[in-house]
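Trainee: Spelled out, the chains give:
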Amino acid sequence: MIKSSELIETGDILSDRPYYHYLLLSSKDVKPSAITHEIFSYIFQSLSERLIFSKDNETISVVTVSKKFRFIIQKIDTAQYLLIYYNLSNESIKQPLENAIARIKWLIFTWMSPEDLDSFENYSSEYDVINLFTSYDPYYLLKKYSKIQPELHIDYNERWYKPRSIEVNIKIPKGDAREFLGTILNQKITETVKLRFKAKFSNPGEATIAIDKDGKVIHEHGELRATEKIVSDVIQKTSTKLMDFSKYATFRSYSKLSDGSFDLTDYKPAQLFYYTFKMPDEKLEEFSVKLENLLTISKKSLQIYGVRLSRENRDFSCLTYIPTDRSELKMKFIHDDESPILIVDPLNASPLGILTLTRILSEKMTWSTKLSGFYE
Amino acid sequence: MNKLDWDDLHNQLLNWTYSLYRKEYREIAYFSNERYFGRPDPSLDIEDGSKRKIVTPDFIASNGKEIVQIHDIKGFEGSIHWSSDENNETSIRNKLKKIKTYENISRDSIIAFFQKYGIQLNNFTIELVVVLDFRFYSRYPEIFDKCAKQLGIIVWTIDVDQYKIRKHVGRHIDKNIEKIFSGKNGLPIVPRCPDIILMTRQTDRDLKRYHFTANLISFFCQESKKIIKFDEIDDIMVNSRPPKYEYLTLEERKREWEALLFDAIEHSKIFKRSSTSRDTYELHNPAILESPYLRHKILEELANKRGASR
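These protein sequences, in sequence, are chains A and B. Following my numbering, the numbering of the first sequence begins with 1 at its first residue and continues without gaps. Following my numbering, the numbering of the second sequence begins with 1 at its first residue and continues without gaps.
Derived by calculation from the structure, the hints in this document are not laboratory data. Glycine included, C-beta positions come from ideal geometry on N, C-alpha and C. Incorrect hints may have been included.
Stated by the list, open to error - In silico DSS-like cross-links for lysine-lysine, where the CA-CA straight-line distance does not exceed 27 Å: (1) B:167 with B:97; (2) A:256 with B:23; (3) B:272 with A:105; (4) B:65 with A:256; (5) A:105 with B:229; (6) B:297 with A:105; (7) B:225 with A:75; (8) A:28 with B:254; (9) B:229 with A:31; (10) B:297 with A:364.
Unchecked claim - Among the chain A residues that face chain B by a calculated CB cut under 10 Å, a handful are: (11) 20; (12) 24; (13) 101; (14) 252; (15) 254; (16) 259; (17) 260; (18) 261; (19) 302; (20) 315; (21) 322; (22) 323; (23) 326; (24) 328; (25) 332; (26) 350.
I would like the entire structure built from these sequences, with the hints used as guidance.
Mentor: Structure follows, in structure tokens:
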């Protein structure tokens, strides 16, 4: 757990300036300095200012000469957490930073699921703005119903199969949104993906804060220490989630022998787990085709890919790879009389790979995706 | 589309056998609980006159004292054509006979093998064990029993439907082991095939190619790299989860990577030699780093190749 004193040097605090906090997860055991190097060598090209680096154990701070920007990169707990936070009076650094992060495949943002975001309600009784978001994907329909020859699919990928989305912004207290919009619009679009609220603590006070599904916490104004409590909460939720996923992940340790061979000294077999989805029967066929496409062909923005191993009516099995942590997962989609399930055999997955998969299924398939535990 | 059977039966039986010797499987690690130590796919010598020959049994184990077990695992995937009973007997005998050559394995090479893991052996007796798929054994139990008795070997079967291991023929020297196997119904094994070891020397070439390429591609994607040096490949394969061929010596692994890389360059055209520096390889089509669809196509093609050869 981080302490607020570690976050900000007191002299620097200007509470009414935006402070961005990014919680990044690394699938490799790297030092903050290695990450700093990767990120800043990239940003540096788009910044005309010179950067000054200073190091203190596991914390790296980067300041521009004019002191307009300050970054602090810190390793939290184990190798798997990194916190980047920075303040800025000028938005120009935001995009280059996000581009740099997107470029490093083994570094990902944490994920705050709709439920996680909803739980921040406890801090505040009112919501100023909620962002409702839904997207649709015509890709599988085109691929399934069109007579396009397979060899032309690459071509068509570029031209037709683009992700499209609608974004709805409504300023309304969340409770009312559920009550009124839920009946008018499809229930699923009332899921939270970003929220902005005023957190109230007796100590240290109030702050206006925005959090999105990437777990980015933006301090807008008010008491900075109040925002830090929210940041700690994001870290806490992430730790809990990763701990939970590590139950299923495999673990192996090896010792190296004199002839260059490795001997398996400790081994934890992978545990099967499964996802459940809620959906009406008539959508099942469509869902199954879309799911297979997602797990094998996917989309540029997602980067996962794989091969189908078999298909029989609506049931299929596939082998899917996730570049983040080089996960390899064997999956089987089956449906019985009750609800469809996706059984996952994490051949080579780390908790981070499982987090990525869960996020993709939840965001691209249905909000009702639920990792339901061990599959016996 | 592709009718793939990824679960190579030989490898499944090997993993099930291996799990009996791994402490991690507590309740069913019958041999580990009796202080046996076993490792898959060893490379040992046979002294054949003045010539030395290398043999690679499927599994080897020892209790650290007087017993060394050598296992031959037979999946028999469509390898025998069945006609008249007499032919069956001959072909079964011929298949089982191979294990008898393991009696001639040089004692020194066995001692050296276990020494690597810190186990000192002096005088020991070799027990030969054939591990069969129960579905196959149960078609010709009499023939198998008869042949095995004549050869003086032990026969185990693994029942992949009921998740049982049974001993049919032969006696183990170790009384405790005999006692464990004495039940009529066989011993339970883990209900899902363990995944301790992914590839052995026996693994089908197309499957090796698939795993090798899939691993390199996921490495390239994770690192956003287009170029790789040959020396890096061993690190990538050993540090993937699960590692590939990690139990082989560095020397043997390198030979394996060379052959597989050659395949990936000459046949599947996934990589090419760099034009600027030696021992350096690059992606044939760097666009795959950005396109999951292209990666999918490559894997699908390799997978289909395996499907076709079976």
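Trainee: Each hint: holds or not?
Mentor: Consistency of the hints with the structure:
Distance check on the hinted pair: residue 167 of chain B and residue 97 of chain B sit about 18 Å apart at the alpha-carbon level, within 27 Å; holds. Our distance criterion of 27 Å between C-alpha atoms is met by residue 256 of chain A and residue 23 of chain B, whose separation comes to about 19 Å. Only pairs whose Cα atoms come within 27 Å are accepted, and residue 272 of chain B paired with residue 105 of chain A is accepted, the gap being roughly 24 Å. With a C-alpha separation of about 24 Å, the suggested pair residue 65 of chain B and residue 256 of chain A falls inside the 27 Å cut-off, and the hint holds.
As the CA atoms of residue 105 of chain A and residue 229 of chain B are separated by approximately 20 Å, the hinted pair is consistent with the 27 Å bound. The straight-line distance between the Cα atoms of residue 297 of chain B and residue 105 of chain A is roughly 21 Å, inside the 27 Å bound, and the hint therefore holds. Among the hinted pairs, residue 225 of chain B with residue 75 of chain A is consistent with the structure: their alpha-carbon atoms are about 25 Å apart, no more than 27 Å. Distance restraint check for residue 28 of chain A and residue 254 of chain B: the Cα-Cα separation of roughly 25 Å lies within the 27 Å cut-off, and the hinted pair is therefore satisfied.
Distance hint between residue 229 of chain B and residue 31 of chain A is fulfilled; the C-alpha atoms sit about 24 Å from each other, no more than 27 Å. Only pairs whose Cα atoms come within 27 Å are accepted, and residue 297 of chain B paired with residue 364 of chain A is accepted, the gap being roughly 22 Å. The beta carbon of residue 20 of chain A is not positioned within 10 Å of any beta carbon in chain B (closest approach about 24 Å), and the interface hint is therefore violated. Hint status for residue 24 of chain A: violated, given a least beta-carbon distance of 15 Å to chain B, over 10 Å.
Taken as an interface hint, residue 101 of chain A does not check out: its beta carbon lies about 12 Å from the nearest beta carbon of chain B, beyond 10 Å. Contact between residue 252 of chain A and chain B, as hinted, is supported at the beta carbon level, the nearest pair being about 7 Å apart and thus within 10 Å. Among the interface hints, the one on residue 254 of chain A holds; its C-beta lies about 6 Å from the nearest C-beta in chain B, closer than the 10 Å criterion. Interface restraint check for residue 259 of chain A: the shortest CB-CB distance to chain B comes to about 4 Å, inside 10 Å, so the restraint holds.
Using the Cβ-Cβ criterion of 10 Å, the hint placing residue 260 of chain A at the interface with chain B is satisfied: the shortest such distance is roughly 3 Å. Interface hint status for residue 261 of chain A: upheld, as the beta-carbon distance to the closest one in chain B is roughly 5 Å, under 10 Å. Because the closest C-beta pair between residue 302 of chain A and chain B is about 7 Å apart, less than 10 Å, the hint holds. Nearest Cβ of chain B to the Cβ of residue 315 of chain A: about 15 Å, over the 10 Å cut. The hint is violated.
Against a cut-off of 10 Å between C-beta atoms, the interface hint on residue 322 of chain A holds, since the closest Cβ of chain B lies about 8 Å away. Below 10 Å, beta-carbon pairs count as interface contacts, and residue 323 of chain A has one with chain B at about 4 Å; its hint therefore holds. A distance limit of 10 Å between C-beta atoms decides the matter here; for residue 326 of chain A the minimum to chain B is near 5 Å, and the interface restraint holds. Against a cut-off of 10 Å between C-beta atoms, the interface hint on residue 328 of chain A holds, since the closest Cβ of chain B lies about 7 Å away.
Because the beta carbon of residue 332 of chain A sits about 12 Å from the nearest beta carbon in chain B, more than 10 Å, this interface hint is broken. Against a cut-off of 10 Å between C-beta atoms, the interface hint on residue 350 of chain A holds, since the closest Cβ of chain B lies about 8 Å away.
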